[in-house]
Amino acid sequence: MAVDTLHVSDRASLWNDPRGRAIIYQVVVIGGVVLLFWYLISNTMANLERQQIASGYGFLDREAGFEISESLVSYSAASTYGRAFLVGILNTFKVSILGIVFATILGTLIGIARLSSNWLVAKLAMTYVETLRNIPLLLQLFLWYGVITVSLPGPRDPINPLPGVFLSNRGFIIPVPEAHLGYTMAAVALLVAIVLTVVVNRWAKARQAVTGQPFPMLAAGAGIIVGLPLLAWLAGGAPVGFDVPELQGFRYVGGVPIRPEFAALLFGLTTYTASFIAEIVRSGIQAVSYGQTEAAAALGLRKGMILRLIVLPQAMRVIIPPTTSQYLNLTKNSSLAVAIGYPDLVHVGNTTLNQTGQAIEAISIFMAVYLGISLGISFFMNWYNRHIALVER
Numbered sequence: 064m065a066v067d068t069l070h071v072s073d074r075a076s077l078w079n080d081p082r083g084r085a086i087i088y089q090v091v092v093i094g095g096v097v098l099l100f101w102y103l104i105s106n107t108m109a110n111l112e113r114q115q116i117a118s119g120y121g122f123l124d125r126e127a128g129f130e131i132s133e134s135l136v137s138y139s140a141a142s143t144y145g146r147a148f149l150v151g152i153l154n155t156f157k158v159s160i161l162g163i164v165f166a167t168i169l170g171t172l173i174g175i176a177r178l179s180s181n182w183l184v185a186k187l188a189m190t191y192v193e194t195l196r197n198i199p200l201l202l203q204l205f206l207w208y209g210v211i212t213v214s215l216p217g218p219r220d221p222i223n224p225l226p227g228v229f230l231s232n233r234g235f236i237i238p239v240p241e242a243h244l245g246y247t248m249a250a251v252a253l254l255v256a257i258v259l260t261v262v263v264n265r266w267a268k269a270r271q272a273v274t275g276q277p278f279p280m281l282a283a284g285a286g287i288i289v290g291l292p293l294l295a296w297l298a299g300g301a302p303v304g305f306d307v308p309e310l311q312g313f314r315y316v317g318g319v320p321i322r323p324e325f326a327a328l329l330f331g332l333t334t335y336t337a338s339f340i341a342e343i344v345r346s347g348i349q350a351v352s353y354g355q356t357e358a359a360a361a362l363g364l365r366k367g368m369i370l371r372l373i374v375l376p377q378a379m380r381v382i383i384p385p386t387t388s389q390y391l392n393l394t395k396n397s398s399l400a401v402a403i404g405y406p407d408l409v410h411v412g413n414t415t416l417n418q419t420g421q422a423i424e425a426i427s428i429f430m431a432v433y434l435g436i437s438l439g440i441s442f443f444m445n446w447y448n449r450h451i452a453l454v455e456r
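All residue numbers for the sequence shown refer to the numbering used here, where the first residue is 64 and numbers rise by one.
Only true hints are included.
With a Cα cut of at most 30 Å, we get these calculated DSSO-like pairs of lysine-lysine:
| no. | residue 1 | residue 2 |
| --- | --- | --- |
| 1 | Lys366 | Lys186 |
| 2 | Lys268 | Lys366 |
| 3 | Lys395 | Lys157 |
Pair ranges (Cβ atoms, derived):
| no. | residue 1 | residue 2 | range |
| --- | --- | --- | --- |
| 4 | Ala402 | Arg219 | 22 to 30 Å |
| 5 | Ser437 | Val92 | 18 to 26 Å |
| 6 | Gln355 | Met280 | 15 to 23 Å |
| 7 | Val97 | Gln355 | 47 to 55 Å |
| 8 | Asp124 | Gln349 | 53 to 61 Å |
| 9 | Gln271 | Trp446 | 22 to 30 Å |
| 10 | Met280 | Val97 | 52 to 60 Å |
Treat the hints as calculated values from the structure; they're not laboratory data.
Using N, Cα and C, we set each Cβ at its ideal position, and we do this for glycine too.
Taking the hints into account, I'd like the entire structure generated from these sequences.
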């Protein structure tokens, strides 16, 4: 009798303990989620078996039988569905990375312009932000696609703004350097120069923290980034040849084509996301106490130096978290490419789904890829946010 009373008392004390109740609630919730997933999966498998629909990812090894208009890797109709998905994933990566870079640059410039003392510049920036961020992205994609395919002239009478650059309703054609060792050496040297500039910048900051003496990093960085590739280009023979496009019949030969679908998608994603990033940059700058700007001006610093050395480094701690969300939105918004025919992951996956009937497998690939990209962006941005965070002494 005493033992039973003791057990009842232990159970009552566990239930009355907030930590004990929290553990019980979590176990119940996890158990419910596991049971829900088990029910959904078992029910799905039973329905597929009853309707004699094949399941699994074996279809990825079968021949796709359809062409893809734009690919970063070799692909033909004889390639497999797995290869087709790879093409779609790489196309999604390409437009997402370029969109993030261009939207960051454009959004930062417009955000700074919003705070300009020039009335016209500030109002133009405000008009840009309030207009583009309040129009659905899908409509903007249709607009830019229509501007390219309808408003531009045909390939026989293209717009030629620069030598070797042609704009027509079939896209843009731009010249590229010919295959030569000198260009390859210059490209490698540019990457090395960027890394070297980052290293020198860190050394300059550490040196200034110890000695108080500033280092002309702007001039040094420009010299490294320009000078090192130039020396490599000269060492490689100083090539000057370019592969310039020429119209032959109904198509251009040479150069690099930029298809209307890709151009419209990249332009739409960039301008739309930049309108949100601009407001984030503006709010981040305004979050820095104006007293610091006045103090820097009192010390004789120019406006450009105040913004670059005083305001932006502190504003970045406010800017980075919401900007991460915009990068994620841009990546996921790239799935709207299917509306204008750009062969991204969703476009290629929908074609595969219609031909194979493997709906669950195709959608699971969509989810896994976008989840992986989003987690990768979040991981990098969180690391960078921790890197620039203020450290209390």
